[in-house]
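Participant: Here is how the chains run, residue by residue.
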Amino acid sequence: MSTLPAWMTARRLTAIVGHSGSGKTELAVNMAVALARAGVRTALADLDVVNPYFRSRERRDLLTELGVRVVSSAQALAEADVPSLPAELNALLQDQGLRSLLDIGGDLGARVLARYRHQIDAQPHEVLLVLNAHRPQTSTAERAAASLRQIEAAMGLAVTGIVNNTHLCGETGPEDILLGAALAEEVSQMTKLPVVCHGVSRALARRLPPLDAPVFPIDIYMKKPWER
Amino acid sequence: MAKELWKGNEAVAEAAVRAGCKCFFGYPITPQNEIPEYMSARLPQVGGVFIQSESELAAINMVYGAAASGVRAMTSSSSPGISLKQEGISAMCSGELPGVVVNMMRGGPGLGTIQPSQCDYFQATRGGGNGDYRTIVLAPCNIQEAVDMTQEAFDLADLYRMPVMILGDGMIGQMMEPIEWHDIPKRELPPKDWAASGRKGRDHSNFITSLRIDAPDSEQFNRSLEAKYKRIAEKETRWAEQDTEGCEILLVAYGTPARIAQSAAEELEAKGIRAGLFRPQTVWPFPSKRLAEIAAQESVKAILVVEMSLGQMLEDVQLAVEGAKPVRFYGRVGGMVPSVEEIADEAEKVLREVR
Numbered sequence: 071m072s073t074l075p076a077w078m079t080a081r082r083l084t085a086i087v088g089h090s091g092s093g094k095t096e097l098a099v100n101m102a103v104a105l106a107r108a109g110v111r112t113a114l115a116d117l118d119v120v121n122p123y124f125r126s127r128e129r130r131d132l133l134t135e136l137g138v139r140v141v142s143s144a145q146a147l148a149e150a151d152v153p154s155l156p157a158e159l160n161a162l163l164q165d166q167g168l169r170s171l172l173d174i175g176g177d178l179g180a181r182v183l184a185r186y187r188h189q190i191d192a193q194p195h196e197v198l199l200v201l202n203a204h205r206p207q208t209s210t211a212e213r214a215a216a217s218l219r220q221i222e223a224a225m226g227l228a229v230t231g232i233v234n235n236t237h238l239c240g241e242t243g244p245e246d247i248l249l250g251a252a253l254a255e256e257v258s259q260m261t262k263l264p265v266v267c268h269g270v271s272r273a274l275a276r277r278l279p280p281l282d283a284p285v286f287p288i289d290i291y292m293k294k295p296w297e298r
Numbered sequence: 468m469a470k471e472l473w474k475g476n477e478a479v480a481e482a483a484v485r486a487g488c489k490c491f492f493g494y495p496i497t498p499q500n501e502i503p504e505y506m507s508a509r510l511p512q513v514g515g516v517f518i519q520s521e522s523e524l525a526a527i528n529m530v531y532g533a534a535a536s537g538v539r540a541m542t543s544s545s546s547p548g549i550s551l552k553q554e555g556i557s558a559m560c561s562g563e564l565p566g567v568v569v570n571m572m573r574g575g576p577g578l579g580t581i582q583p584s585q586c587d588y589f590q591a592t593r594g595g596g597n598g599d600y601r602t603i604v605l606a607p608c609n610i611q612e613a614v615d616m617t618q619e620a621f622d623l624a625d626l627y628r629m630p631v632m633i634l635g636d637g638m639i640g641q642m643m644e645p646i647e648w649h650d651i652p653k654r655e656l657p658p659k660d661w662a663a664s665g666r667k668g669r670d671h672s673n674f675i676t677s678l679r680i681d682a683p684d685s686e687q688f689n690r691s692l693e694a695k696y697k698r699i700a701e702k703e704t705r706w707a708e709q710d711t712e713g714c715e716i717l718l719v720a721y722g723t724p725a726r727i728a729q730s731a732a733e734e735l736e737a738k739g740i741r742a743g744l745f746r747p748q749t750v751w752p753f754p755s756k757r758l759a760e761i762a763a764q765e766s767v768k769a770i771l772v773v774e775m776s777l778g779q780m781l782e783d784v785q786l787a788v789e790g791a792k793p794v795r796f797y798g799r800v801g802g803m804v805p806s807v808e809e810i811a812d813e814a815e816k817v818l819r820e821v822r
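Chains V and E supply the protein sequences, listed in that same order.
Sequential numbering from 71 applies to the first sequence in the working numbering.
Sequential numbering from 468 applies to the second sequence in the working numbering.
Same shape as in the complex, but just chain V (with noise of 0.2 angstroms):
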């Protein structure tokens, strides 16, 4: 068993949304991951109806031997790109003794949260926006903060903090997470929204000066066929 950070427990439910390519699934696997290994019971559920590749639910072996319970579309439509919800979702948002994760589809696909925003809204819940400065989209704080409206207009939430999960694949140095940072810190300014902390790989965590949120180390789980 391991320590969480406070900022992982803060709330039960937890909307992970996004610009597409931010890394919001591998933030969410890794959230899992964390809090799975420190004994809470939580489930991750897969909303991603936008994207056909590259989706959570790929990882639901490595889960659910965790013990994460993984909720995505029917087995049969695992592997489509039909926008058909899990009527599985609702014990993540009924049950207040599971910590639960949702990840989001990029962009307009939070739309899929629209259909549950009364059952989130009525309970405490937070609504994470993750950000990478090199995704061209949002790589300045005015464009960032038009993809983050967008977002909110769409799902009918409102977003209540910052992820920087700035990289650039293999490709990241320190400077990478600084730039992201410093993007993440200038929409908060415009926002009042709380920069909640940095996902940065374990490698790269551990060469980083101090930052004024904290750290969370992330396991590249996402990996593509010819990466070891």
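Don't read these hints as lab results, they were simulated from the structure.
Mixed in with the good hints there might be a few duds.
What the hints assert, rightly or not - Simulated pairs of lysine-lysine, DSS-like, Cα-Cα distance not exceeding 30 angstroms:
hint : chain 1 : residue 1 : chain 2 : residue 2
1    : V       : Lys294    : E       : Lys470
2    : E       : Lys470    : V       : Lys293
3    : E       : Lys738    : V       : Lys293
Position chain E relative to chain V; hints supplied.
Facilitator: Using the frame of chain V, we list chain E on its own:
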């Protein structure tokens, strides 16, 4: 310039815009939907036109029309949608019209699956449409190459007045990778004095057609295409190779499987097996000459072709090698992707058999 993180489909679309593409016509199909989605927002910003056509057939014929008027035009789709475009591709070859067609391949046949595949190699390189025609087919293995090749595709299309295809497996469209925007080498391009864009004081009308009723005239035209294709084979054939000098086993793969094969080659090297990788970057024209040279080395005991198909490029490799060395095959199909271990194991098995 600083690196940026791009999704393959979006990057291909942006590359086309930077290459001066002014018209995009297409119809949605997974796994290439981000191309039309991106174009719908981006093209109006540069004075271009995006039309979501009523079908793939309509889209390719809109490309025909736009190309005939002299503007740079493109369409994209995935496997079943590309099937529907074959008539238009054949017509563009006959009308000698430039255009770019992107195929982000998914598993087939028929509607198949939305997961990645390379099962349209025959269709792309042999011509899925009618007639003696060829299309230049560029096969990127990463997003940087997809971006560079897309930009070059427009130049190649204009230079040779023919459709050029970007042949990517679904992963090329869907994955994220860091890329750098840099200038690609510019080619000397002839003026489009053939375009049907208004008479403008010329003494003749430009007329673009794929119909040639008179047989001697038609034969002469086909011979001119033949000469053009020979020129392309001489000048535009491209490949990449790694550790091919003195290799014992030669892996041949294109697109993302080439990267998996590369990792497998490294694993084999670690076990003391000399493994080389040959990666065609143009699959038509196919780099047969260089492949034959590598295969002829005394050190080469066997060639292992790896594809996400039942063995299509395999036939081009066999034609190139002409039986000089054993050519074996490993493929995964239906949207399944070969693993590093599978390829390395197969290579070892092949070597055991031929030694």
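Participant: Indicate, hint by hint, whether the structure satisfies it.
Facilitator: Hint check:
no.: 1; hint: V/Lys294 / E/Lys470; verdict: holds, 20 angstroms
no.: 2; hint: E/Lys470 / V/Lys293; verdict: holds, 20 angstroms
no.: 3; hint: E/Lys738 / V/Lys293; verdict: holds, 24 angstroms
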